[in-house]
Amino acid sequence: MNNPANNPDPNKKHPARILEIVNRGLTKRYRAERRFRFYGLMAIGVSLLFLSLLFISIGAKGYSALQQTFIKLNVFFDPDVLRQESLANANYQGLVKNSLRSMFPDVKGRKDKRLLYGLVSTGASFQLRDMVLQQNDIIGKKLDVWVPADDDVDMLIKGHINREAAETDRRLKDNQLAWIDQLTVEGRIEKQFNKTFFTAGDSREPELAGIWGAAVGSFLTLVIALILSFPIGVAAAVYLEEFAPKNRWTDIIEVNINNLAAVPSIVFGLLGLAVFLNFFGLPRSAPVVGGLVLTLMTLPVIIIASRSALKSVPPSIREAALGVGASKMQMVSHHVLPLALPGMLTGTIIGMARALGETAPLLMIGMVAFIVDVPAGFTDPSTALPVQIFLWADSPERAFVERTSAAIMVLLVFLITMNAAAVILRKRFERRW
Amino acid sequence: MTPATLFFVLLALSSAAYYVGRRRAFAVAGNGAGIQQLHSRPAYYGVLAAIWCGIPALILFGFWLAFESTVITQLVVSDLPENVRSLTGAELNLFINKIYNMVSGNIVSGEITPAMQAAADHYRSLQTTSKASLAVVVISLAMLGLVGVHARIKPGLRARNSVEQVIKYILIACSTIAIFTTIGIVLSVLYEAIRFFKAVPLTDFLFGLKWSPQMAIRSDQVGSSGAFGAVPVFLGTALISAIAMVVAVPIGLMSAIYLSEYAGKKFRAAAKPLIEILAGIPTVVYGFFAALTVAPFIRDTGSILGLSVSSESALAAGLVMGIMIIPFVSSLSDDFINAVPQALRDGAYSLGATRSETIKQVVLPAALPGIVGGVLLAVSRAIGETMIVVMAAGLAANLTVNPLKTVTTVTVQIVTLLVGDQEFDSPKTLAAFALGLLLFVVTLILNVIALYVVRKYREQYE
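If you read the protein sequences in the order shown, they are chains A and B. Counted the way numbering that gives the first Met the number 0 counts, the first sequence spans residues 0 to 432. Counted the way numbering that gives the first Met the number 0 counts, the second sequence spans residues 0 to 461.
Worth flagging that the hints you see were computed from the coordinates, not collected in a lab. The C-beta atom is built at its ideal place from N, Cα and C for all residues, glycine as well. There are no misleading hints in this set.
Across the chosen pairs, the derived CB separations fall in these ranges:
#1 A:Leu52 <-> B:Thr399: 20 to 30 Å
#2 A:Glu318 <-> B:Pro272: 33 to 43 Å
#3 B:Ile182 <-> A:Leu52: 42 to 52 Å
#4 A:Gly186 <-> B:Pro272: 41 to 51 Å
#5 B:Lys455 <-> A:Pro244: 19 to 29 Å
#6 B:Val400 <-> A:Arg170: 34 to 44 Å
All chains, full assembly: derive it from the sequences and hints.
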């Protein structure tokens, strides 16, 4: 390094020589300077590149899940099939099959027929049943009904299935492609908004699967986590910051809290499994247990944030309150807490956002089960949004890839909303003394 | 009365007690004129009444609910006929489970014996009795508390001090939850881990070179030995974490340096939150990204270069994990670089050093302890990271340091061993807790060192 300060003594006598030495090194040093600066910029560029790659890859995969392919069937609600006494479990599958057969009368043979029926989702019969149960008077009529297509058809329409591939490598056979083309020409195939995705629970059939069940599960879990962790976290922070004497006991608590904030989340899952499930015998897969585990996990975050919010309240306010005769508890609850509350809420929202994205501990307590029903209470079996993403990511069907990405987009929207709320809260109520 | 209704009844009683207490305070003060004789403001008398009405009852309520099923089960079991009680542990458990199922109206497998039916009826009747007596006991306790306080309310009663004392105890109780959590983690993991180490010696676990946690169902099964040598698992964890750190430390550190030393205010205000978004993305999203975008990309690139890359390579998982950790390293380093006093920089500049020379020779050495602490925290996070490796790394425990091969990690093994059906007497399940114990201990040591270093460093310049 050409640091002039390090040069030996003899140079002292010749300032001109020093200048010469320094100048000789300058270009090299300036180049090093520019290089270093460039590395820094590169590092930021690389992180932002990764960030945009992540978003783009998920957005590109996921946006198509907002639409779903539907097939228009001409269904004859046959009074012979739909007898009044057994409307709920009549042969609706038969109605779907009949209408498909009437559209393609020249399809013969069991195998071909099965391929034909495969174009329409198994959910179609449930849709017909709901229609009939809602309006009895459609029995005997012939109606055009849009029913969801099978996920393979959906994938073909969205261009994810290669028509050129050999027939054995494709999930759709040649004659199925021909039927689909014919339907397209007739205008009987159409992409519509995928309402199912936002209103249904999980399903093994991608075209019937939705995130509503998981979203409700996440919501219930977070409610439990919030009503437990916020009061407890604030109370703990108030004690540690305002009342606790400085001694070994409070030191232990502090070290503990800092450590817990850095304990891997899966370890909290192990705790939940061993204590809440095995010891206390709480139900598996239930939001209440998930909420308890996430409470323990987010408590350190909330405590740390609340403590720093309390720390930023200037001591003069405390002294003034004490000076006019308030007790210590009154000083805290009337003056310090209200001033620190925005900071505490910000910390809580950030903690809740982290809890919303957490998956690993929920896997441990059995929230990975395949659950079709939307949970109605805190002890019903349920999953959570991130767990649903994990489950779908594992599914082999191509159609689940786009649904996984779409679910991720929904999760990210929630997270961004929560974090934005935290930022706004901080901006609006932040006070500098 | 269901527990939920009872809970709300208690809350209602408690708030009623508040009004009763306050009214009483006004009454004993002689309404109006005498109010100055009260030691505390009237509301405090109300709160005191509410506390004495609600809290003891709630505590009893909680304990009752926690131990109700255990006690009832004990009672039912002790009343079972002799031939049932003499069953072995597992059979008895099965029997009790069937009773539970019958009580909750589920379908019971196998035939229902009269003894079982009787036991279920017994259980149900005990449950009803317990519910009824819980309601009676809790409500009378609440009333008792209210009446007791009501009688004690006099102008001289130091209500505020009592209320504040109680609140203080509640605050203390809340702050100790952190300790109980730690104790809970240690005990629950340790207990199962000790059971595991009874079946598999500790040395085999720590130094064994083969990990294949299958247990034989039949004794003549092939390949059923069940090997619990955790070295390949540790090595895989270390490999993936190392890759992650190789990605995260240079990028994180350089961006922190640029942001704190070079960037203008506007650039910093825009870039810093953007980088921090990376920290807020759920790990399951990273896992999906690693498994569906990065891993195929690496595999295809590898095959173009003529390398055979496993589709669940350590490289993909490590790379994505590194991306996740970048903001962690960068924001901690940023803090520490900013904490270096400006005087040190000015000194270096005045000697003619360029900016990068100042950073490299003055700022970084001064911030080094803090940065090292931050990196240690990041390592502990990489070791404990679960979802990325579960989705993008493999299950096969290969003893290799080749980043293109499949390796497995501690967290992956815990998840695979514990998701699904569990038997809490098979070493296979217990092995997960042994791994969990190890994970906890290792991250704890890293955290303690890191937090100590960071704390020590923070004090240095404050």
